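Number of protein chains: 2
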Amino acid sequence: MRVIAPAEITAIVNVGDDLVLHGLHVSPDLDTVTYTVAGAIDRDRGWGLAGETWQAMEALRRYPQATTWFNLGDRDLATHLYRTDRLRAGAPLSAVTAEITAAWGLSCTVLPASDDEVRTRVTVPDGEIDFQEYFVHRKHDVAVSSVRFDGADAASPAPGVLDALTNAERLVIAPSNPIVSIAPVLAIPGIRAAVEERRARCVAVSPIVAGAALKGPADRLLRELGHDSSVVGIARLYAPLAATLVVDEADGDRAREVEAEGMRCVVAPTIMRDPDAAAALARTVLAA
Amino acid sequence: MRVIAPAEITAIVNVGDDLVLHGLHVSPDLDTVTYTVAGAIDRDRGWGLAGETWQAMEALRRYPQATTWFNLGDRDLATHLYRTDRLRAGAPLSAVTAEITAAWGLSCTVLPASDDEVRTRVTVPDGEIDFQEYFVHRKHDVAVSSVRFDGADAASPAPGVLDALTNAERLVIAPSNPIVSIAPVLAIPGIRAAVEERRARCVAVSPIVAGAALKGPADRLLRELGHDSSVVGIARLYAPLAATLVVDEADGDRAREVEAEGMRCVVAPTIMRDPDAAAALARTVLAA
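From first to last, the protein sequence lines stand for chains Y and H. FYI, the numbering used here numbers position 273 of the first sequence as 273, with every residue one higher than the one before it. To convert, count from 1 in the second sequence and add 1000; that's the numbering used here.
Derived by calculation from the structure, the hints in this document are not laboratory data. It is possible that part of the hints are untrue.
Claimed, not checked - Listed next, with one range per pair, are the computed distances between beta-carbon atoms:
| hint | chain 1 | residue 1 | chain 2 | residue 2 | range |
| --- | --- | --- | --- | --- | --- |
| 1 | Y | Pro125 | H | Pro1275 | 54 to 60 Å |
| 2 | H | Glu1117 | Y | Trp54 | 28 to 34 Å |
| 3 | Y | Trp54 | H | Thr1123 | 54 to 60 Å |
| 4 | Y | Arg61 | H | Arg1199 | 43 to 49 Å |
| 5 | H | Met1272 | Y | Glu58 | 28 to 34 Å |
| 6 | H | Ala1200 | Y | Phe70 | 28 to 34 Å |
Nothing here was measured: the structure is a model prediction, and the numbers come from that model. Glycine residues also receive a C-beta, built at the ideal position from the N, C-alpha and C atoms.
Model the full assembly from the supplied sequences, consistent with the hints where possible.
Here it is in structure tokens:
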């Protein structure tokens, strides 16, 4: 936002993490983007609102059979109440998302990858489970043998998604989890092809630094699903999609291997410790 | 509770006021009974929890199109989240209600009149609207030309309801609104007949005192729907159901008219200003 006018930015966001909880439609990735851009996110937690209260969750624990492993802050609940209300009234998720981002004062565009239901499902030793069951309830501390995106085949890109991919001056694949955050976006028919079409304009930032994910289970998932948990493994995944891979300085010694996979390799600091570091990375990506 | 062991009490509660709000199943009458018996209700407001916080509602107002006319406290929200979760899992409302009342430490039995969907619908000058739209959103400040209970014909009494009516030593028709709180219970096939069968054991308490409702729109509704807003009007409605009508001392001069409608009339203080007054009324009713 400090590097480019917000109005020129469109974020295409994974909806495979969405869940219906207590009857409420929760879109964790959309909300994280919205709250982050609004400057309202809890930076320590990495999700939810800063200064949040937890009266509803505390009260929920009164009921022995209540589902309490997914925390919902009181003010965050309002977003889920609103989204659920509007979806029930027939508004598509993309329209509701536009209403929510407008209410938070965002001037960038935030698009769900699809208005249709796409659900990331993860196979673990005892069977296939929902993504949040894996990610939150089991704290991604379980072996994964496969991941699929239920509903993706029949889903369509949300209005504006293909236009944005086709017309953007620069496409960026953020340093998100390639298996469960980027792949469910690409799984929606038309999106992968639209990115491949713009490969020359597309820059990916490696989510793997020195062989490990900065947070979350990307490294473990890559290994368990037969990929290399390194910038080289990332390059193999992203080479058809992006001409350039930005890797952290910690991986500068592997630049030649990345280039051998068919991507130009840019070495730069990629760890977004603070807004200055994020702005510097944005400049790197735009210049790439 | 001070007059009779709670375990001997069964409350059969209206579900016609229930609504789905933001995707949550809200049962205002069941919750009011539960919170009241638990001693957790906000006495000034008459609904919701004492010491409640309102972070979610405040946050909801950020969204211009949000439905904000029905207030949901943060801790109260937990009850709706829980109920919705359990209903979605296939539990009937009566089972969920038992779980909720147990969690609140109630030893009396609270039964929804039905596990099936019954919805009170009210015709006002601009059309038919949901009960809460009438009661809360329009603050019952609108003329009503008819009331019906959508779904009642196809509904069944919840498990335990007919048993309780058949076996109770004493049936009490509480001083609730006869049009929109008692009638939707009686509209469920089998319930009215079960009460009529026990008429000799049934005592009603008049919700009308000196021609007016103590709170809510009972008096206005009675008039608008062609009834007499008086203890005599109440007697005409309840004579087939209850052998006895308890009327307030303010209506002592109308006891003969009540008896002319075929009900024994007991004159006593009926205004439950505090727990002592409520206990005294309970003794009156049991002795009647």
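Flag every earlier hint the structure violates by its number, smallest first.
Hints 3, 6 are the ones this structure does not satisfy, whereas the remaining hints hold.
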